[in-house]
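Could you build the full structure based on these sequences and the hints that come with them?
There are 2 protein chains.
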Amino acid sequence: MTKVAVVGCGVVGSSWALVFARAGYEVAVYDALPASVQQTLAFVRTSLESLPPDGGGSAEDVDVVCARLRAATSLEDALTDAAYVQESAPERLEIKRDLYQRLDAAAPPHVILASSTSGLPASSFTDHLVHRERCLVVHPINPPHLIPLVELVPAPWTQAGVLDEAAALMERVGQSPIRLNREINGFVVNRLQSALLGEAFRLVEDGLCSAADVDKAVADGLGLRWFFMGPFETIDLNAQEGVAQYCRNLGPMYYGLAKEQADPREWHAALVETVEAERRMLTPANSLPARRLWRDRCLSALVAAKRRVMHEEQT
Amino acid sequence: MTKVAVVGCGVVGSSWALVFARAGYEVAVYDALPASVQQTLAFVRTSLESLPPDGGGSAEDVDVVCARLRAATSLEDALTDAAYVQESAPERLEIKRDLYQRLDAAAPPHVILASSTSGLPASSFTDHLVHRERCLVVHPINPPHLIPLVELVPAPWTQAGVLDEAAALMERVGQSPIRLNREINGFVVNRLQSALLGEAFRLVEDGLCSAADVDKAVADGLGLRWFFMGPFETIDLNAQEGVAQYCRNLGPMYYGLAKEQADPREWHAALVETVEAERRMLTPANSLPARRLWRDRCLSALVAAKRRVMHEEQT
Chain A
127 MTKVAVVGCG VVGSSWALVF ARAGYEVAVY DALPASVQQT LAFVRTSLES
177 LPPDGGGSAE DVDVVCARLR AATSLEDALT DAAYVQESAP ERLEIKRDLY
227 QRLDAAAPPH VILASSTSGL PASSFTDHLV HRERCLVVHP INPPHLIPLV
277 ELVPAPWTQA GVLDEAAALM ERVGQSPIRL NREINGFVVN RLQSALLGEA
327 FRLVEDGLCS AADVDKAVAD GLGLRWFFMG PFETIDLNAQ EGVAQYCRNL
377 GPMYYGLAKE QADPREWHAA LVETVEAERR MLTPANSLPA RRLWRDRCLS
427 ALVAAKRRVM HEEQT
Chain B
127 MTKVAVVGCG VVGSSWALVF ARAGYEVAVY DALPASVQQT LAFVRTSLES
177 LPPDGGGSAE DVDVVCARLR AATSLEDALT DAAYVQESAP ERLEIKRDLY
227 QRLDAAAPPH VILASSTSGL PASSFTDHLV HRERCLVVHP INPPHLIPLV
277 ELVPAPWTQA GVLDEAAALM ERVGQSPIRL NREINGFVVN RLQSALLGEA
327 FRLVEDGLCS AADVDKAVAD GLGLRWFFMG PFETIDLNAQ EGVAQYCRNL
377 GPMYYGLAKE QADPREWHAA LVETVEAERR MLTPANSLPA RRLWRDRCLS
427 ALVAAKRRVM HEEQT
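Top line first, the protein sequences correspond to chains A and B. Just remember that our numbering sits 126 ahead of the position in the first sequence, which is counted from 1. Just remember that our numbering sits 126 ahead of the position in the second sequence, which is counted from 1.
Read the hints as simulated data drawn from the structure, not as lab findings.
Intra- or inter-copy, both count: the list cannot distinguish identical chains.
Derived SDA-like pairs (lysine to any residue); straight-line CA-CA distance at most 20 Å:
| # | residue 1 | residue 2 |
| --- | --- | --- |
| 1 | Lys385 | Ser244 |
| 2 | Lys385 | Asp332 |
| 3 | Lys385 | Gly312 |
| 4 | Lys385 | Arg328 |
| 5 | Lys385 | Glu331 |
| 6 | Lys385 | Arg374 |
| 7 | Lys385 | Val398 |
Below you can see the structure in the form of structure tokens.
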């Protein structure tokens with residue numbers, strides 16, 4: 127497989143175009159708005175020019191990578207010879223249903239149709255297709271050219287081979303795929319984030335500490351290990367004999383905490399205002415764009431550093 | 127304040143000795159077992175010799191830093207001229223209660239008595255003291271010489287000025303203090319970890335994905351931002367207008383997930399065995415010590431990289 131199609135040229139689709147082109151794939155780029163396609167091409171060039179090779183950019187010449195991108199003139203044109211379609215259209219059910227009907231009609235049955243959706247299960251917009259068995263969710267963490275994780279989520283009718291092929295492709299383009307065994311609200315990533323955010327808001331609402339202190343607890347504490355080990359490996363290494371011993375020792379303590387946390391709460395207006403006010407003290411509204419650039423620079427530099435450290439450890 | 131006492135020379139106390147000596151403080155080190163004191167002194171030297179200055183070591187000469195450490199011959203000797211005591215004794219209530227009685231009797235009333243305890247509220251082992259108002263929890267994430275976060279948790283009788291002073295000291299020695307307004311089970315860090323672990327175990331128990339895939343979801347996804355931004359800043363920058371807009375858009379989705387997650391579960395033996403088996407496939411039991419060294423090398427190198435990136439961003 128050397129040709130892929132990127133359908134939908136928003137922020138997510140643009141980053142996907144970079145991911146595939148950086149990895150050597152020919153990428154047909156399509157959006158209903160031709161101007162969006164041009165924005166994607168410009169985004170890829172600008173990113174490659176500004177990012178270090180191991181921090182989202184490429185070791186290859188920028189022109190060489192950009193030459194792999196082609197502005198498709200229609201959906202059908204984008205699908206020409208493509209073996210994989212990464213769709214990143216707006217998150218509206220009717221849009222996806224119509225789009226997948228067109229994709230299903232235009233793409234030969236072996237072509238994988240992968241959706242970037244973060245919220246819609248594939249079953250909700252592929253049930254009506256002739257070849258729905260080649261559809262799945264391949265959900266990135268934005269932006270995928272900096273953050274490798276992707277969640278592969280099958281519909282009930284997705285063929286196992288389609289998951290295998292999508293996972294293999296993700297590995298080849300340098301992403302880190304995980305596989306869910308079935309559809310579930312929020313997939314894995316947003317469920318984990320939900321659990322952490324739920325407790326974060328609870329602590330602030332109950333007056334235990336400030337939002338800024340919750341942020342510190344993660345950025346100066348828990349997050350340092352979670353940057354390169356997940357929660358299971360973290361606790362596995364925290365007991366002499368491994369995770370089973372950890373669970374024997376601390377399971378009752380965590381069960382006690384879990385019972386205290388089994389209290390789902392809406393984020394009420396007053397609470398949200400408290401957090402918003404705290405955040406605006408630290409980053410005023412007019413500084414948000416600059417802070418996002420700061421975040422992206424940090425992310426790129428730290429991803430590059432992580433690659434170097436992990437590479438040195440392996441060699 | 128230039129003199130501190132480190133009481134209790136296990137893994138945590140040893141790391142504390144390094145933190146204070148590295149920052150220029152004279153440190154009296156005491157443990158009921160003199161051999162433990164010697165182990166602490168050796169640990170500090172070995173660590174300084176092996177760690178980069180910005181990754182847990184020191185830019186100063188190793189001998190100069192080590193000369194700030196003194197093996198105290200008794201608890202009373204350790205307290206001589208100390209203005210701050212960091213206690214890291216075993217996590218048993220009777221031990222702490224007896225120890226604090228001795229500390230309270232031997233240390234002048236202005237001396238701060240800070241406990242490294244991760245599980246016992248200060249009120250449980252200081253209620254009987256004459257000068258209990260100078261006691262609090264200063265809970266590190268192990269090891270504090272690599273992980274800056276510390277949680278300051280007052281007992282109901284802890285003076286506000288004691289919290290201020292402890293926070294200022296922590297800042298001066300390069301740690302990152304957060305302040306809880308009152309005692310709560312698990313403090314902030316373990317409550318956040320509990321929320322994430324609860325969902326991690328739930329996903330595995332329900333057959334959604336493997337433990338390894340949960341780890342990837344964090345280490346290759348969520349953890350990349352949490353390494354340098356907390357959960358609140360992460361979502362604040364993820365909506366054009368900031369966190370209030372994020373909550374308006376996604377609050378209902380997260381409330382839906384929170385209701386699905388409001389299901390506190392014990393970590394039953396079968397589940398723990400599943401996770402243990404998965405972990406032992408990746409890291410066999412006899413490789414655990416080597417993997418811990420790997421973890422510590424990664425942690426040190428990544429902390430150093432983070433310091434450099436953050437420093438460059440500030441200048």
